[in-house]
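If you read the sequences in order, they're chains A and B.
According to the numbering used here, numbering within the first sequence proceeds without interruption in unit steps and concludes at 512.
According to the numbering used here, numbering within the second sequence proceeds without interruption in unit steps and concludes at 512.
Just so you know, these hints were derived from the structure itself, not from any lab.
Hints are supplied without guarantee of correctness; some may be wrong.
For identical chains, the list gives no copy identity; a pair is met inside one copy or between any two copies.
Stated by the list, open to error - Keeping only pairs whose Cα atoms sit at most 27 angstroms apart, straight-line, the calculated DSSO-like set for lysine-lysine is: (1) Lys475 x Lys258; (2) Lys242 x Lys408; (3) Lys434 x Lys115; (4) Lys258 x Lys115; (5) Lys479 x Lys500; (6) Lys318 x Lys500; (7) Lys366 x Lys68.
The structure presented is a predicted model; accordingly, all values stated were derived computationally and were not measured.
Protein chains: 2
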Amino acid sequence: MPAPTTAIQPTRHEDFPEWYQQVIAAADLAENSEVRGCMVIKPWGFGLWERMQQTLDRMFKQTGHENAYFPLFIPLSYLEKEAAHVEGFAKECAVVTHHRLEAGPDGKLMPAGELTEPLVVRPTSETIIGAAYARWVQSYRDLPILINQWANVVRWEMRPRLFLRTAEFLWQEGHTAHETAAEAREETERMLAVYERFAREFLALPVLTGEKSESERFPGADRTLCIEAMVQDRKAVQAGTSHDLGQNFAKAAGIKFLGRDNQEAFAYTTSWGVSTRLIGTLVMAHSDDDGLVLPPRIAPAQVVILPVTPKEDTRTAVLEACDRLAAELESREFAGERIRVRIDKRDRQGGAKTWEWIKKGVPIRVEIGPRDLASGTVLTARRDLAPKEKTSYAATEFAEKVPSILAEMQENLYQRALAFREAHTRKIDTREEFYAFFTPARPDKPEIHGGFAWTHWCGDPAVEEQIKADLKVTIRCLPFEHDGPGTCPFTGKPSPQRVFWAKSY
Amino acid sequence: MPAPTTAIQPTRHEDFPEWYQQVIAAADLAENSEVRGCMVIKPWGFGLWERMQQTLDRMFKQTGHENAYFPLFIPLSYLEKEAAHVEGFAKECAVVTHHRLEAGPDGKLMPAGELTEPLVVRPTSETIIGAAYARWVQSYRDLPILINQWANVVRWEMRPRLFLRTAEFLWQEGHTAHETAAEAREETERMLAVYERFAREFLALPVLTGEKSESERFPGADRTLCIEAMVQDRKAVQAGTSHDLGQNFAKAAGIKFLGRDNQEAFAYTTSWGVSTRLIGTLVMAHSDDDGLVLPPRIAPAQVVILPVTPKEDTRTAVLEACDRLAAELESREFAGERIRVRIDKRDRQGGAKTWEWIKKGVPIRVEIGPRDLASGTVLTARRDLAPKEKTSYAATEFAEKVPSILAEMQENLYQRALAFREAHTRKIDTREEFYAFFTPARPDKPEIHGGFAWTHWCGDPAVEEQIKADLKVTIRCLPFEHDGPGTCPFTGKPSPQRVFWAKSY
Chain A
8 MPAPTTAIQP TRHEDFPEWY QQVIAAADLA ENSEVRGCMV IKPWGFGLWE RMQQTLDRMF
68 KQTGHENAYF PLFIPLSYLE KEAAHVEGFA KECAVVTHHR LEAGPDGKLM PAGELTEPLV
128 VRPTSETIIG AAYARWVQSY RDLPILINQW ANVVRWEMRP RLFLRTAEFL WQEGHTAHET
188 AAEAREETER MLAVYERFAR EFLALPVLTG EKSESERFPG ADRTLCIEAM VQDRKAVQAG
248 TSHDLGQNFA KAAGIKFLGR DNQEAFAYTT SWGVSTRLIG TLVMAHSDDD GLVLPPRIAP
308 AQVVILPVTP KEDTRTAVLE ACDRLAAELE SREFAGERIR VRIDKRDRQG GAKTWEWIKK
368 GVPIRVEIGP RDLASGTVLT ARRDLAPKEK TSYAATEFAE KVPSILAEMQ ENLYQRALAF
428 REAHTRKIDT REEFYAFFTP ARPDKPEIHG GFAWTHWCGD PAVEEQIKAD LKVTIRCLPF
488 EHDGPGTCPF TGKPSPQRVF WAKSY
Chain B
8 MPAPTTAIQP TRHEDFPEWY QQVIAAADLA ENSEVRGCMV IKPWGFGLWE RMQQTLDRMF
68 KQTGHENAYF PLFIPLSYLE KEAAHVEGFA KECAVVTHHR LEAGPDGKLM PAGELTEPLV
128 VRPTSETIIG AAYARWVQSY RDLPILINQW ANVVRWEMRP RLFLRTAEFL WQEGHTAHET
188 AAEAREETER MLAVYERFAR EFLALPVLTG EKSESERFPG ADRTLCIEAM VQDRKAVQAG
248 TSHDLGQNFA KAAGIKFLGR DNQEAFAYTT SWGVSTRLIG TLVMAHSDDD GLVLPPRIAP
308 AQVVILPVTP KEDTRTAVLE ACDRLAAELE SREFAGERIR VRIDKRDRQG GAKTWEWIKK
368 GVPIRVEIGP RDLASGTVLT ARRDLAPKEK TSYAATEFAE KVPSILAEMQ ENLYQRALAF
428 REAHTRKIDT REEFYAFFTP ARPDKPEIHG GFAWTHWCGD PAVEEQIKAD LKVTIRCLPF
488 EHDGPGTCPF TGKPSPQRVF WAKSY
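Go ahead and model the full structure; you've got the sequences and the hints to work with.
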């Protein structure tokens, strides 16, 4: 058997789901814990989440939101107040029924102190936050309420997959209350635009923006907007959602106010969220057969410096040169932030260290050894090029160039992902072509199919149901941008606009 | 009845516990939710927590730690692995027993899908993190592991009190693993020193540092270090702890490694944490009868600008002057960070707005009205002085002075708290004086007592037990700084050092 030529085995083409797990393991992002469906997010993975949090938090604050914190537990009766909502979440709730442990007859500990009313570990917080808003809102002067929460939530997933679908995950959930339907609608659109910009500018991810069909709507919402990304097996990932909840939750929770007209009215509420699922999306969208590839703007470290210290007598000088370069880089900015640098001084074999950082997806690697010291140069490599492709720079010139190299890489990754999506998106006008598009060309690779189909749809949920049953394909969104009305290829009826269909995570 | 002369009723002296609740309500920091013992942290309270998080997070990273995230749920069997640990937490655990909801015979939802093994909502994470470290550590080269987690934890408190004792609270928990006992010990001391510095420099809180007696130790620890603050009813608050866990949790979880001597050995672990309890401590330590008083370094806003706009024709000019002053202030730094400014442009009555910000504890208030505009002045007030004591400055001069005013306020608050603690700490050498010190002088004010007693103790837990039963007083710490050995006033036996006794939260 020949030695593998890629760091990740299997490759994307050989076995995409297994490749995904291996990329995560090789980058040391996360692992499964002993608690079914709950993951441990390791420091490199959490560093990515911290970058996402800081960036989004700034964007939320710029759009007028403040953070707050609401209880982890929701009384069962609260969840029941909104019928569609409880229907949507009842099947996957962690339920707390006791509040202490006691030794049983056999001496083993067992739950004791049964609660009068069971508590549900929040799968999302509309109901518990709605109860607070009902206390806070009396007059139109108390509106709008613009609050976000960073929290953990639990949905008991039967088929968990690291980052994409876990029983516990981390997320942010914005919850706002407004005086008018128009304001709530605007808020929903504003926050979707924030998500779209974040995905594009920071994650280098082109995303579709649009509205969900009724069958894919958030339980209890009037309207669910979403961003949808295509990943490298041509499937879609719903990467963020923004819900116009109308007055549904306000009525359920009693968020009432005295209006300008002196009449009592229910508020209009919204909620919007993104989660650690973004990390899974990022991994599936950009990584290659050597591991993780990180867009510079979201990378916990943008440059890693690897000292090459073969001999003891030059070791100190090499390490000092590394410190100097790090300080020089850290004094510079890329995209409005200080450049983030790490020096890997660990006493390990150089090749192993290099491959570790390749697999972790750091954008730029720099080697400095005794010969570089003598010549005043540094040997550099970019994560978006082949591992062996290296460029030597004068040390001073390199520091100056780093911001533009990072900018170029950020743009490259975006363009590559955009080209991939465009190559695998097809405008389809017949049922036959649609079915062929989603039927695997190779029977041994059932997961490979066409990608995104951009097709007219009359609006009938029965069509969605049939296609889901036949092909496991769903409508990902009714995009905001489209080419007008036409004819539904499935029913022959008029269609208001083309919609995007895809297999999805 | 005369009109109240303070914004908070009752005053501290009239009813301290009720005053505390009222200060929190008036500052809009937090409120109780419908879920017993779980609080809602409102934006101003959460803003305080964010400032604490950011500051501590920076200090943790400067001392070599990284963040990660571990599961919310702990299998019951994990908790049982360390006997003292489970004993310490079994009485206050939220227990998840089911993973979905189903309609019962009466149509009402009830827990369904019983779990094979119940899950405990983490009261602290030693056991679940220990299981991960056992996977990660093979060789001494894998050590140390220096990780922190920001998380929510649940301890089912029977008598909850906002911030100080809640069923769910937010905290950080550091968890480290080391090769040697000495390194673990050093880590424990290093992090306690971080907490002491944070309390002193940011919260303006002088704290005692020392070790807990065995009876007050963390369940499962070899040694618990702590910082203890005195608040204005002379009670102690344990504001942070750092535990040397020895090999106890390593043995329970199997954190083993191959040492430099090629022998297998168990790691030495530590854990250390502070929580939203710090907010309660801050409130009780610095606030006055007009509400919250915030040390400038931790205040979400350090300066609030209040536009005075009696007439429509000068309104725009006044608002513009406010914006200019805010920009001017925000371009300056205090204690290494940009000055944090808010402008309160809400259309409300001026007096009401002023009192709102007094009650929220913002260090400096600035009023700008048409007359100030004409004279180029601003009218300012400091939260540490009487509400009516105002100083007029030339606008340019004021902006220059703000950093030094804030520095002076920060120092004043610290000195005031220190003087208070010193005034209410007594070196005591007889049993009689000790009992008198903790016996309320006024029968109608059972909560008022001496404060901290600095007294010799022979080390016998029976003494602690008796004093706790008699006076509800416990040893807060065996302080690092003391005046050497002496005689225990309770037993007449030799005492290695004086210890601090107090009533506590």
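Against the structure, the hints come out as follows:
When the C-alpha separation of Lys475 and Lys258 is checked against a cutoff of 27 angstroms, the pair qualifies neither within a copy, at 33 angstroms, nor between copies, at 51 angstroms. Proximity of Lys242 to Lys408 under the C-alpha cut-off of 27 angstroms is found in neither arrangement, the shortest distances being 36 angstroms within a copy and 59 angstroms between copies. In this homomeric assembly, Lys434 and Lys115 never come within 27 angstroms of each other (Cα to Cα): the closest approach is 63 angstroms inside a single copy and 48 angstroms across copies. For the homomeric pair Lys258 and Lys115, the shortest alpha-carbon distance between copies (21 angstroms) is at most 27 angstroms, but the shortest distance inside one copy (46 angstroms) is not.
Proximity of Lys479 and Lys500 under a CA criterion of 27 angstroms is satisfied intra-copy only: 23 angstroms inside one chain copy versus 80 angstroms between copies. For the identical chains of this complex, Lys318 and Lys500 are neighbours neither inside a copy (77 angstroms) nor across copies (62 angstroms), given an alpha-carbon limit of 27 angstroms. In this assembly of identical chains, Lys366 and Lys68 lie within 27 angstroms of each other by CA distance solely across copies; the values are 24 angstroms between and 34 angstroms within a copy.
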